[in-house]
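Construct all of the structure, not just a fragment, from the sequences and the given hints.
Using the numbering used here, the first residue of the sequence shown is number -7, and each one after it goes up by one.
Hints were generated in silico from the structure; no laboratory data involved.
In this text the structure is predicted, and so the values were computed from the model without any measurement.
Heads up, the beta-carbon is just placed ideally off N, CA and C, and yes, glycines get one too.
Worth double-checking, as some hints may not be accurate.
Straight line, CA to CA, 30 Å or less: simulated DSSO-like cross-link-like pairs of lysine-lysine [stated by the list, open to error]:
(1) 101 with 49
(2) 37 with 84
(3) -1 with 101
(4) 91 with 49
(5) 37 with -1
(6) -1 with 49
(7) 84 with 49
(8) 73 with -1
Computed beta-carbon distance windows for the label pairs [stated by the list, open to error]:
(9) 91 with -6: 17 to 25 Å
(10) 73 with 52: 19 to 27 Å
(11) 65 with 85: 18 to 26 Å
(12) 89 with 45: 15 to 23 Å
(13) 90 with -6: 15 to 23 Å
(14) 86 with 26: 17 to 25 Å
(15) 90 with -7: 30 to 38 Å
(16) 35 with 3: 33 to 41 Å
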Amino acid sequence: MQLILEKAEVVNLEADIMQIGLSIGDNLYLRFDEENSCQVYYTPKQSWLSNLIFKRKMRRLGQLTESDTAYLLRSFNAASKARIRVVDAIPKHLSAENKDSVFISTWIKVN
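The structure is reproduced here in structure tokens:
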């Protein structure tokens, strides 16, 4: 796997990271839309029993900046597999700006 983005910030967060239980090492998912923006999604955490019964639905966390999205679009053309992980998550009660911050890293496997 090749590292593409080492620490990219997720902007326009729609979820409170303390309420959803987002932590370092969690998997995230990316979706590119028609306006060339990259949306970041997470799957809510559930107990193992509810995982067997209910299918988890992805929820929107935020989006990447335009420069990060443009760089990812160029890199993803040759990729066969991608891995997106949370590398830093700062809750608003620990932040100087009083807002949540989430940073991700992206790896790809090139054919």
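Does residue 37 pair with residue -1 here, judged by a C-alpha cut-off of 30 Å? Given that 30 Å is the threshold and the Cα spacing comes to 23 Å, the pair holds.
Is it true that residue 90 and residue -7 lie within 30 to 38 Å of each other by Cβ? The hint (30 to 38 Å, Cβ to Cβ) holds, given that residue 90 and residue -7 are roughly 36 Å apart.
Within 30 Å, alpha carbon to alpha carbon, are residue 91 and residue 49? holds (25 Å)
Within a Cα-Cα threshold of 30 Å, do residue 101 and residue 49 meet the stated pairing? holds (26 Å)
For residue 90 and residue -6, compare the CB-CB distance with the range 15 to 23 Å and indicate the outcome. Violated, at about 36 Å.
Residue 35 paired with residue 3, Cβ distance criterion 33 to 41 Å: Given a distance of about 20 Å, which is not inside 33 to 41 Å, the answer is violated.
Starting from the range 17 to 25 Å, see whether the pair residue 91 and residue -6 falls in it by beta-carbon distance. violated (32 Å)
30 Å Cα cutoff - pair residue 84, residue 49: holds (25 Å)
Within 30 Å, alpha carbon to alpha carbon, are residue -1 and residue 49? holds (26 Å)
Within a Cα-Cα threshold of 30 Å, do residue 73 and residue -1 meet the stated pairing? holds (19 Å)
Per the hint of 17 to 25 Å, is the separation of the Cβ atoms of residue 86 and residue 26 within bounds? violated (36 Å)
Would you mind confirming whether the straight-line C-alpha gap from residue -1 to residue 101 stays at or under 30 Å? Given that 30 Å is the threshold and the Cα spacing comes to 18 Å, the pair holds.
The earlier numbered hints that this structure contradicts are 9, 11, 12, 13, 14, 16.
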